[in-house]
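> Below are the chains, spelled out letter by letter.
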Amino acid sequence: MPDTQETLDALLAKLVEETIEPAEVEQLESLLNGDPDAQRRYLHYLSLHRDLEQKGAEIQTSPSSTPRPRISPVLLGIAAAVVTLLVSAALLYFDAEPEIAQITGIDGAVRWIDHRGRIISDLEPLDMLTGGTLEGLNADTWAEIKFLDGTLISVSGHSALTISELEGQKILQLREGQFSIDAAKQPPGLPMKLITASAEAEVLGTQFNVTADSMSTRVIVNEGLVRVKRLADGKVQEVAADQHVIAALELDTEFRATSRKDYTHAWRSNLPRDMRRGLWIPAPQNKGGVLRALPHLWKGQEKSEETSALLFTAVIDPSPGDLPPVRLTEGARLRLSGRSQANDTINFGFATHIERGGFAGKYSAWRDIEIGPSGDRSFEIELPLESFSPTQDRFPDTPVHHEIAYLWVLTAKQAASLEIVKVELIPAK
Amino acid sequence: MNEDALSPPPIMDPTSDFVRLWTRHQAEVERYVYMMIPRAADAADVLQDVSVLLWEKWDHYDQSRPFVPWAIRFAWLEVLKWRQRQAREKLVFSDGLLEQINAAHADEEPFMEARRNALTSCLTRLTDQQRKWVDLRYGRHGAIKDEARRSGISMHKLYYALEKVRGQLLDCVGRTMRREGWSHA
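Top line first, the protein sequences correspond to chains H and E. No gaps in the numbering here: position 77 of the first sequence is 77 in our numbering, and each next residue is one more. Every position in the second sequence, counted from 1, becomes a number in our numbering once 1000 is added.
Keep in mind that a hint or two might mislead.
Partial selection, computed: residues in chain H whose CB lies under 7 Å from chain E [unchecked claim]:
| # | residue |
| --- | --- |
| 1 | Ala13 |
| 2 | Leu32 |
| 3 | Arg50 |
| 4 | Leu52 |
Not close to chain H: a few residues of chain E, all C-beta gaps over 12 Å, as computed [as the list claims (entries may be wrong)]:
| # | residue |
| --- | --- |
| 5 | Val1052 |
| 6 | Leu1053 |
| 7 | Arg1140 |
What the hints contain is simulated information worked out from the structure, not anything from laboratory work. Everything numeric in this text was worked out from a predicted model, so none of it was measured. All C-beta atoms, glycine included, are put in the ideal place defined by N, C-alpha and C.
The following block holds chain E by itself, in its conformation from the complex (with noise of 0.2 Å):
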């Protein structure tokens, strides 16, 4: 008898289906959420919403339609939760500007992938010192304050350097970006 006529027929495993989408493109959906709600605690707690809501809506995803568009859809709709809460907070966006900056992630979502790209080639661009600015700030947690105590500089100081560099990538971005067609960048 064949073995595989005695086999169950396969079933979709909407969990895991679930969980492989979710790992793939969750570090879009969070840099989104973060762009909407740039601190990074409240940014961490609005993604959790949103993993929640996206398994509570799971069954009515059309997996024929791509992931990130559509949990981004429900992520808006958490910012604007947390947006509501925040209501009295000085720190946030006003709900007009998120708005505006949301329709401009809209536009701009298309061209994530490539700079993303283009900003591998810049960093290998950077002298010695602008790396050791960057590698000071995100390679090892508090090492920019441990370089502080141990020079003496000002920790101002040192995130000024940090934000020339920064800037510096961003033009270096764009300049790859056009070079290489993308006239939008």
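Next comes chain H alone, as it looks inside the complex (with noise of 0.2 Å):
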């Protein structure tokens, strides 16, 4: 039946372009399910856009059967005259905002707020967006999406990122959190924008990290070059593969590319300097204090029955500044001291990097914490790196060799009033 067949064309089409729905592929499977005619136009399908991919080159190059008529001038005008209403009347009928990008991965609490100001919380992989601001919701949520070159954004933990693209430009706004990308060829003179609150940086194509808040930038570069702008004061560095720079809007912070340091395989936390997010209260004199993780409301997926709940969570950064980074190694256990109210149940864990690289993984172990009989209510809990687990299917089973981008510690449990006290890294004797 000619409509059956044309269904089954658009499904095809999808699913060689990978814009397929899970529902489609079901959709698809019962059409071919036992019945040999769309099977075969299956493979037909498959087997001509596989050798159109494989032809690719010849059909660029070679020429039209048609012979091109010579055309006068006038008629051209005419002609380019006509182009002209056509394309005006199709960019009135087509949809003006043009999908920029595709979601290619997702977890956890993730929204889009699109062009339109429409809010979705149910983002799936595959999505094709316009522009428009994904925000991370939760320490442990994370985004990758990928533009229509091949660029590709992970954006971890809690975060607000705009993404556009104007006349071929793409825009990256970061208002606060922190991405990886890995950046395609950009089309001359029209290299990659990314605006922070305190920076600018243009990008040709190359991999690199960025950590920005309120305050500051940091941009770590693992491949190529990236320019970037203080805008406190318009001064401009050029930051290298293996270089790092800190661009704050205080203007007695230096602003400088540096070389980054080596790994450190040991690391103790030093709050609140390491402090990411979190309340820090102060000891009576000075002596220490604590990180006491903050609520924010989490909405649940919109079609799922979870309700809403408020979490309190605390987040780490094991290397602010020009601090060496920190790479997890074989045998290393992870130890968190804290005092909580009552017994507990705590998700501890951490979001990685590869070894001068972008966006790993998402690790993390959930334990239940027994207040000491002491009566100063802390708690300690030790896990070898073995005890976590990737958040997704996708993400490497081991984090050892991963450097650590962030650590953090969650609770839905608000009479617990959480607070850490400190975290440590233990390498292997």
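From the two separate chains plus the hints, produce the assembled complex.
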């Protein structure tokens, strides 16, 4: 039946373009199942697609079968006017906001606000995106966006990243949080632009990681070259591979591209310096202090039955500023010392980058904590790296040899009033 | 003295035999894997595994028999292994359907070469506009996206036009095959 074949062809087109949705795969499966004719169409269609891909260069260079007639300049002028009118009409008729990227991976609570201001909380891999803002709502959130030219961005943790494309130029605006980018070569004269509260950067094609908040921006370049401008004074630094730079709003801070330091394999948090999220509560007489987990509302997924929940999270950056990156080694253990008002179940985890590279994965473990009998409400847990599981199947099984991007501690129990005293990475002896 | 008498007897080099056959037929095996796993990146990964497996099994290959069916038998095993790893994935076909497609492929394989030849002829019959769509999609990586940006026409519309051209090419290939006496087409 022609209608069935049209449906089949439409699904096959989505299949070969890899834009097919799970429900459409089910529909395709039901059309193919037990139908030899549909199966032949499937094989012919995919074979055709593959052959066209292999013939790509030939198609481009082989002459058209239709001889091109000579056209007078007058006719050309009329044709150009007609084409202009048609293109204008097409622009009005078709959706004027083009799709510029696709979600290729997602984990945790993520919200997308599209160019019309619509809020979408049920993004799924393969969803196409126009311009808009992606918000990571939790410390263990992660999303991967692929631009149509192959440029890949991994956003992790509490983040707000706006993506857009203006006349072929990509613009990324990071309000807060962090992302890792593997940028494809950009068209000549149209460098990708990165904007934060404290810096602007231009990128032609490279791999780098960015962390930003309202006061400062850190750019770590792993491949290529990134030109970073500090907005406070307009000064520019070129950041090469294996270098980093910090552009802060305070002008008394250093703004200079410097080589990244060698890895350290043992690390102990220094709070509040390493605090990225939480409330710092100093102790009397400056004898230490604690980082209290801060609440934030997690609204759950739109299509799931999970209800909204208040989560309490503290996030720590092991290598703020120009401190050396921290690398995980075989046999290492993480120790968390804290205080809690009640016995609780916490989620302890970390995000990683590959060695001198971009985002690698997220790993976490749930543990019950029992406060000590001493009355100071303290607890301590020590976990070998093997206790931490990747939060998605696609992440590597083990984080060994990765750099720690940040660590988080999270609870859903408000009464616990979770506080972090210190976190340590203890390498194997 | 005869110089040949001093030369060592010719030794069959299994590596070069394998490389020669693999190079010649890789595209056919790749096409088969792609039909079973229509996601380019996954298909490429599985193809890598197939090539390793074929090399491991090379000692058992009877060189008097055709290479492609032998290779596809092992490719099918790798497809099944991949399918097991994707048990929870929603974007792959069920085991039952994969079995059916594999069987259908065995029936279709003998006609694939003729279909490819027919396609070459059909491509020359496209109109300029149709050729442009095909060229944008397959001629240069990313060109169709550039066109979408340049013209302001959404990617959906461009891909729809391309879908129609693919349908016409398939019809043309079928007609050409029938005209050439392939009753199967």
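> Now tell me if each hint is right for this structure.
Right, here's what the structure says about each hint:
1. Interface hint at H/Ala13: satisfied, since its Cβ lies 4 Å from the closest Cβ of chain E, which is below the 7 Å cut-off.
2. Hint status for H/Leu32 relative to chain E: holds, with the closest Cβ pair at about 6 Å, below 7 Å.
3. Given hint, H/Arg50 at the interface with chain E, holds; its Cβ is 5 Å from that chain's nearest Cβ, closer than 7 Å.
4. With 7 Å as the threshold, the beta carbon of H/Leu52 comes within range of chain E, its nearest partner Cβ sitting at about 5 Å, so the hint holds.
5. With a least beta-carbon separation of about 20 Å from chain H, E/Val1052 lies farther than 12 Å from that chain, consistent with its non-interface assignment.
6. E/Leu1053, annotated as away from the interface, keeps every beta carbon of chain H farther than 12 Å; the closest lies near 21 Å.
7. The Cβ of E/Arg1140 does not lie farther than 12 Å from every Cβ of chain H; its closest approach is about 6 Å, which violates its non-interface assignment.
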